[in-house]
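> Protein chains in written order, with the numbering used here: chain U, 2 to 162; chain L, 1102 to 1455; chain D, 7 to 404; chain G, 337 to 498; chain Y, 60 to 159.
Treat the hints loosely; a few may be bogus.
Which stretches of chain U does chain D cover? Using the computed rule of at least three CB atoms under 8 Å from a CB of chain D, they are [what the hints assert, rightly or not]:
| hint | segment |
| --- | --- |
| 1 | 10-22 |
| 2 | 47-57 |
| 3 | 64-78 |
| 4 | 104-113 |
| 5 | 129-139 |
| 6 | 142-155 |
No lab work stands behind these hints: they were computed from the structure.
From the three backbone atoms N, C-alpha and C, an ideal C-beta is built for every residue, glycine too.
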Amino acid sequence: MSVDLENHAALKKLRAFDPDAVEDVQAFRGELTLFIRSTKLRRAAEFLRDDPELSFDFLADLTAVDHYPNEPRFEAVYHLLSIKTAQRLRLKVRLPGDDPRVESMLPVWPAANAYEREVFDLFGIQFENHPFLRRILLPEDWEGHPLRKDYPVQGNITRWP
Amino acid sequence: MALSSDTLFLLGVAVVKVVVVLLVLLTAIAYIVWLERKLVAHIQSRWGPYRVGPYGLMQPMADGLKFLFKEDIVPLEVDRFVYWLAPFLSFTLAMLTFAVIPFGGSFKLFGHEIYLQIADLNVGLLYIFAVTSLGVYSIALAGWSSNSKYPLFGGLRSSAQMISYELSLGLAVVGTLMISGSLSLRDIVNSQTGTWHLAGTNTFLPHWNIFVQPVGFIVYFIAAIAETNRIPFDLPEGETELVGGYHTEYSSFKFAMFFMAEYANMVTVSCIATLLFFGGWHGPVFGPAWLHVLLPVFWFALKVFCFLFFYIWTRGTLPRFRYDQLMAFGWKFLLPVALLNILATSFVVAWIGT
Amino acid sequence: MAVTLEKIPGQEERVILSMGPQHPSTHGVLRLVLELDGETVIRSLFDIGYLHTGFEKSFEDKTYSQGITLTDRMDYLAPLSNNLAYCLAIEKLLELEIPPKAQWARVLLTELTRVGSHLVWLGTHAIDIGAMSMFLYCFREREEILRIFEMVSGQRMMTSYFRVGGLALEPPLGWLDRVKKIVDRFPERVDEYEALLTKNPIWLRRTQGVGTISAEDAIAVGLSGPSLRGSGVDWDLRKKQPYSSYDKFNFNVPTRPEGDVYARYLVRVAEIRESLKIVRQAMEGMPEGPIKANAPHIVLPDRESMKTSIEALIYHFKIVTEGFHPPVGEVYQAIESPRGELGIYMVSDGSPKPFRCHVRAPSFANLQGLAKMMEGRLIADAVACIGSIDVVLGEIDR
Amino acid sequence: MVPVFYIFAALTIIAALSVILQRTPVYSALSLIVVLCSLAVLYVSLGAKFLAVIQVIVYAGAIMVLFVLVIMLLNAGRERHTEGSRLARWLGVPLLAAFLVEILSVIWNGLSSGAVAPPAPDAGPAAVGALLFRHYVLPFEVTSILILVAILGAVVLAKKQL
Amino acid sequence: MVPLSHYIALSAILFVIGAAGFIFRRNIITVFMCIELMLNAVNLAFMAFSRFRGNLDGQLFVFFVIVVAAAEAAVGLALIISLYRSRDTLAIDELDSMKL
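The whole structure should be built from the sequences, with the hints applied where relevant.
Below is the structure:
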């Protein structure tokens, strides 16, 4: 269940491609997590998708984690899957709490469309250049982002007029 | 103008005939609904209605009462007059067709020959086509006046569908008309008396048109299913696509009128199929004189029932066509086949005639 | 929610049709906004969230074990698949070893779930295309599967039968006989469905060449499960990334290259047969042994020992009142649910409640393929496409 | 027979007036259908059952359906009131009135006295058909070509791109 | 038996109503329907004459008129649809230029 951090193909190749891209690396229960700098995300994503050996062409999941009150508060989490090699990879981007924004991965993986809308809806993370960044699950006029940790579980108390 | 007792008598007979036919028809429609629910239920391994009365036989009455007393919801912004007109038109037209349908032979009463038919027009079949061709309006207008998108789609679809299939419907029966040489339904049935004689021997096959016009019959029946908007051609209603089609916005008794009209049209179509292709009321007749009058009516009803059964059976079995496929099927397959059938029949008729 | 399609400037006025959320063939409360030219769909948008209940937020307020009951309610047609994914994720976090009998029972039950879910899909898909009898046939058969669930868990739909570390209860005696009956009778029934549909000319016309999506597009928009295999991609997590000892079973992964509605139909019908094969193997090879892992601080003790041993009683009290503490970390566990890749992303901060639990719902991703499939098709085809990707709104909206 | 004529003549005129006075096109179309159907009844009173049925099938059942369909398709609403052509107003009305007066006066003077109805000719389908296919076969064929051309024209015109 | 003149008078009245509608109505579809009205007025005259002359030629003319009306409706309505597509109006006052 342990990961050979030094010889992992994706890590090695990505480091060779752009030494700055990978901020940090974690391995837990056989799963590799790469922390990518938000400025480098688009380039790294395209590399991981297009590299013939890696070919992480399937964006399995995209979500976020809120580490309130710690900073950087948000992590955008991308679960990649390669249909060819049956490998999984997790990318993470750390985002600040005051203005969380990250580039949209829509041009790289069209599947990101609905996921990014969902993350925007529930976490309030802005995805730049997303063509239709609107609330998806909640009503348009909803206030707040429910999956943030400072949002109470039972919801905001509504005062009836 | 003084009315003679004869005229009065005939007038009375006509009124009695109209009343009897209407009553029988309305009851029949109610029980066709019951039959359909029961049969489809058994096809789908369910019970169907069984609570109201024995075998659910009172279910049609319960349904009728329910329709009568339900709140009649009229959506805002509908075109009130047309919205009201459409179901009535639909129901009236469906009932009007029965004026010329003969359902038995004749009998003598007080020295008068009384035919089991309301009116024997010499253009009876054309009359039916004329009345059914007006049926498009009820659906198109219902769709338009509801001022809603799904009914509008349903209305447009069904107008196109009914116009297209009316052609095939009309052309399919031309073959039988050529053989019997009349447009009067009574004459057409009478031309199918007896059995076929092939090369001098009696084949004991009844002298029905189906044996010489099988293609015409098949085209007729397919087109007829489409005309009555039943599965697999029920696109105007197409509840999984258009919610309810043209009657989406209708409720209560107005909806019931559409509903009854649909079943009345089914009966009409089955009656015509029986009359044109299956020898109408002809069948084995025996026994006393009163049986000679009643048995033909029974045979007629039996044949009509077979067609209705077929209708219900297809409903339980087949999926639905798509709109463009339906049009393509009507224009590219059914219409040419009907035309070829006419061509072939006319050659044969001309050849035998010489 | 309440999305509208903006008018493309410079284009003539088109009809905008709002399909759903109360529409007979949108399978729940899916709303589609269709831009039509005549009856042809030019553009489409999906509008979801009518069933949003905030499960992901609720997970954070419940202990790990309490969360299981929530998972039932996501994909309400395949509750046991959801249970399995959730439990597997936690077990991966805990590095728990599950005894073989529990594994086999899990496989058996999830495959039955798959069959049941596919039956509902087949029935509703057929009724969308107008074949109404199929619906009732499928529900009749599904009933037998639900009876098995009721037998083992006491519930027909909201089973919550799998627990962290194994099963909730010892399955009752004779349950395998009931399973055997189903397995023996079902192939025949599937033949019956196929007799009604597979070669029916109207069915073929309505499904063949409709809603086509290529393998590349399917992967790009994130389709998974039968929808992806219908496009010719041989991808099944049970084979490619085996979990819960699926590698010990022998089965095929049906795929079809066409990528249309008919292909997806064939794949699912073939999957019913394959699942029945797995169920038979699991039933015949069901090992003996415990149904729970040997981890007293995580798994509830059985009633007997709880009442006789003080140690078990203490553990029981601890687990029920407080829960267990998994190590800090995060895992992503995906399984092949009837609809595709069902992933649970679980982040633990060491407390007895998940710090974050995200569900990768297969229908949510599959929904993105819909726009591609419906483009340029008729409304009737749109209905067939919705049916063919088998959406469950409970899971999409979560 | 006599009351039938007057009832339906009155109905025809009322419906015809309704055709030109209704502001909503659908109502105009419905009124026109009433005109057509009551004319069919008048045909029956003239002994032409076949033509009456043809009138209903073709005119009311097909041509007017096209009208209604187009009105639905274009969603034609109420007509806006416009000034209209001045020429039509100043020339058309007097001319129409003069025309009506002229015809009525001619009828009054010339026709009302004479014109005794001969026995009704057999106007069944067989008789009409025989005449059509023997005596008028050339016009019949020409109309069929006309129809064909009309179909092609309609398709060419209504199709967005060929 | 109703005298011939009554039929002809009815026909004339219908024709004038149709012509009046043709002149005064602004909606192109209604104008079209007025033409149909005039055609039917003529048809009635044909039928009446046929009956009172005792031969069927008049009926045959009615038959042909109906056929021509069908052809005319098909082409005319197709024209209306294509006009509506390009001009977005049904008022004949606004359809006054030759180019589409």
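> Determine for every hint whether it applies to the structure shown.
Hints, verified against the model:
Only residues whose beta carbon comes within less than 8 Å of a beta carbon in chain D count, and the segment 10-22 of chain U has 0; fewer than three means the coverage is violated. A count of 0 residues in the segment 47-57 of chain U with a Cβ less than 8 Å from any Cβ of chain D is obtained; the coverage claim is therefore unmet, three being the minimum. A count of 4 residues in the segment 64-78 of chain U with a Cβ less than 8 Å from any Cβ of chain D is obtained; the coverage claim is therefore met, three being the minimum. Judged by the Cβ-Cβ criterion of 8 Å, the segment 104-113 of chain U is covered by chain D as claimed, because 3 of its residues qualify and three suffice.
Judged by the Cβ-Cβ criterion of 8 Å, the segment 129-139 of chain U is covered by chain D as claimed, because 5 of its residues qualify and three suffice. Restraint check on the segment 142-155 of chain U versus chain D: 4 residues with Cβ-Cβ distances below 8 Å, three needed, restraint holds.
The structure is inconsistent with the numbered hints 1, 2, although it conforms to all the rest.
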